[in-house]
Amino acid sequence: MTDSAELYRTVRLIRRFEQRAIEMVRSGVIQGGIHPYIGEEAIAAGVCAALGADDLITSTHRGHGHVLAKGADPVRMLAELAGRQTGLNGGRGGSMHAADVSSGIYGANAIVGASAAIAAGAAWSHQRAGRDRVVASFCGDGAVNQGVFLEALNLTSLRRLPVIFVCENNGFATSMRVQDTTAGSITGRAEAFGIPAETIDGMDAEAVLAASARAVARARAGDGPTFLECLTYRFDAHHTWEYSVRPRYRTDEEVAAAWARDPVDIQAARVPEAVRLQIDTEIEELLDEARRFAEASPEPDPAGALDFLYASSLRGRGGTA
Amino acid sequence: MPLLSYLRALNRALAAEMERDPAVCVFGEDIGIAVSNVTTGLLKRFGPERVLDMPISEQAFTSFATGAAIAGSRPVIEFQIPALLFLTFEQIANQAHKFPLMTGGQVKVPVTYLMPSSGSRVGWAGQHSDHPYSLFAHVGIKTVVPATPTDAYGLLVSAIRDDDPVIVFGPAGAVARREDVDFGALAPVPLGVGRIRRPGTDVTVVAVGHLVYDALAVADELADTISVEVFDPRTLYPFDWNGLAGSLARTGRLVVIDDSNRTCGIGGEILATAAEEMRLIAPPKRVTRPDGAVLPFARELDLALQPTRDQLRAAIETVAKSQ
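Order-wise, the sequence lines are chains A and B. With the working numbering, letter number 274 in the first sequence gets 274, and the count goes up by one each step, no holes. Basically the working numbering = 1-based index in the second sequence + 1000.
Quick caveat, the hints were computed from the structure, so don't treat them as lab data. These figures come from a predicted structure and were not determined experimentally. Check each hint, because a few of them may be wrong.
[To be verified] Derived coverage of chain A by chain B (criterion: at least 3 residues anywhere in the stretch with Cβ under 8 Å from a Cβ of chain B; other residues may be distant):
#1 102-113
#2 144-151
#3 238-249
#4 284-290
#5 303-310
Backbone N, C-alpha and C define an ideal beta-carbon position, used for all residues, glycine too.
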C-alpha cells in the first residue's frame, strides 16, 4: 500500500473511532467523557508515520489519535475507554491515560504540558543505553505557557536529545483563543532555546509526514530536538461535557467554515476510490468488532482497585481498620 | 572502628549503588562540585553521563527522571532545599507515583528523591526549613527518614534498589551525626522495618528522624522514674505497624514526637492507628510543630516552633501517670 493510502487509513480510523466513542459516551458505555480529536487527525497520522516501531511517543488529554496512530490495538483501546479489564491499561487509565508501552506509547497525560519532560528523560535514558529511539512529544497550544514545558525545551536542547515536540495549535486552550493566552509566538519559544521550529499545515497528513521525517532524520543524526507547530482546528468539543453544558466560545459558522478543510477529505482525495472504499469497509468491520469486544468484556474486579499501585509487592492498608 | 558521618554514609551508598548497577544515575543542582557534600567524587568516578548537573528547572528534571526511569534508568535526584518538594509535588505525586497504576502495571518508576538537610537548619527562615515527609506518606510515596549514618546508608541503598519512587529525608538535625561503624558491615536496611533504639517497659516513644536523639536523651533523664522505650520507625510509609504494636503490647502507653505540622502530620496517624488497633491503657500524646507552622528567621522564633525535649518530657510524664 502506498504512503498516501496508509495515511488515509490512519486518519479515517481515528475519525471513525472518535465518532463511535462519542456514541458510546452518549449511550453511557464510556463514563467520564472524552476529549475528541476530530479535526486534528492528520497530525497524529503524519508524525507517527515518520516514526519506527521502536520509537516512542508521549501524548495528551486529547490522545486517542496519537495512541491509535502509533499502533495500539484499536480493539483494546476502545475497551480501555469503556473501563474494561481487557483494555490497554486494564481499565485503570481510560481516555486520558491510555498507554501501550509495548508499542512505544508512554501514555497520554492529563496535565497540560506535563509529558514533555518525561519524553526528554525517556529519550536520554534510551540514548545512554545505546538504543536508537526518537521520542515524539505531543502537546497543545495551551501547553506552551506552562512553566515545566518551557523548562523541558531548555533541558532537551541543552542535551541535544532526539525529541520532536509536536504542538497541535487548534486555536483554543479549552475556551481561550490562542491569541488571548499567548504572547509572542509559539515557534519563538522553541527558537529561544535554540530548537529549530517550523509552522506547518496540520490539516495535511502528507505535509506533516514530510516535516516529521526531516525532524526524525535530525534526531537520528544527533542534531537534537525539532519543534513543529501544526496549525489545525478542533471540529468537536473540548470535552464531551460541552454537549450538555453548551459553552459559547465560538460560533457554529466558524466551526462550519473550518470543516471546509477536513483532514480526512484532504487525504481521501489522494487515494483511488476503490482503495478508499476497501479501507473504509475494513475500518467499520474493525470498529464493529471493537465495540462488541468492549461491551462483552468483563468489568474489572473491585477487589483489584489498587492493583498496580506499586511495582513492588507493597499493599497499603485498606480504608477501614 | 572508624567514624562514619551521615553525609558520608549517603555518599558511600550512592557510590556503591552506581558501582553495582550501571542504570543508577544522579541528577541535581551543583552536584558536580558536591555543594551538599553528598555527591563528592561521583562526577570524577562515574562521569557526566551518569552525574548530571541540571539547570534550575526542578519540575522538568524531576519529570525527566520519571521518563528516564520508565525507560530503564534508576535516577536519584538530590534536592538542596526541602521547599523544592512543594514545587515538584506535581511531578512526584501526580506523575511518578501514578504512572504504574494508571498504565495498569505497564511501567515502573524507580526514582529516589534524596533530600539531605531537611527540616530546620536554624537561620534559614521560611522557605528553607520545611519538613514535609508527612505529605509524601499521605499520598503513598515510600518515605524514609533515617536517624543514623548506618540507617542512612542502608535505607538509601534499599530506596535505590526499590522499583517504586522512594523519598529519603536526611534531617538537618541528624546529618551532623557520626557513628563508629565497621564499614564492611554496612548493609541494606529494608524499607518498612522500625527499630527499638532503647528498650523500656512504661512508655513507648515514637521518634521520627533526628528526634530519636532527643527521645534517647529524655529517656536517659527520666531513667530513674520512668522506663521509656524509644521506637524509631525509620520508614514512615509503609509504617512498621507490627513493630509498634509489639512495643505497645509491652508498655500500653504512647507518645509521638514528630517534626511535622500538627494537622495531618504522621504523628496524628500513629496515634489514630494505635487507638484503633493496638493496646493502649492511657490516652496517647504527640509533640509536633504547631498547626500551619512557617519557621520564622530569628533563632529564638525558629526554635520556638520545633518540638522540644521539655515538651517531650512533659508528655511522657503525663502519659505515664494517666490511668
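Coverage criterion applied to the segment 303-310 of chain A (partner chain B; beta-carbon cut 8 Å; 3 residues): Contact hint for the segment 303-310 of chain A vs chain B: holds, 5 residues under 8 Å.
Confirm or reject the coverage of the segment 284-290 of chain A by chain B under the rule of 3 or more residues with a beta carbon closer than 8 Å to the chain's beta carbons. violated (count 0)
Are there three or more residues in the segment 144-151 of chain A whose C-beta lies within less than 8 Å of some C-beta in chain B? holds (count 3)
State whether the coverage of the segment 102-113 of chain A by chain B holds or is violated, taking the criterion as 3 or more residues with Cβ-Cβ distances under 8 Å. The restraint on the segment 102-113 of chain A holds, since 5 of its residues have a Cβ under 8 Å from chain B and three suffice.
According to a criterion of three or more residues whose C-beta lies within less than 8 Å of a C-beta of chain B, is the segment 238-249 of chain A covered? With 0 residues close enough to chain B, the hint is violated.
Figure legend: structure checked against the earlier numbered hints; hints not met, in rising order: 3, 4.
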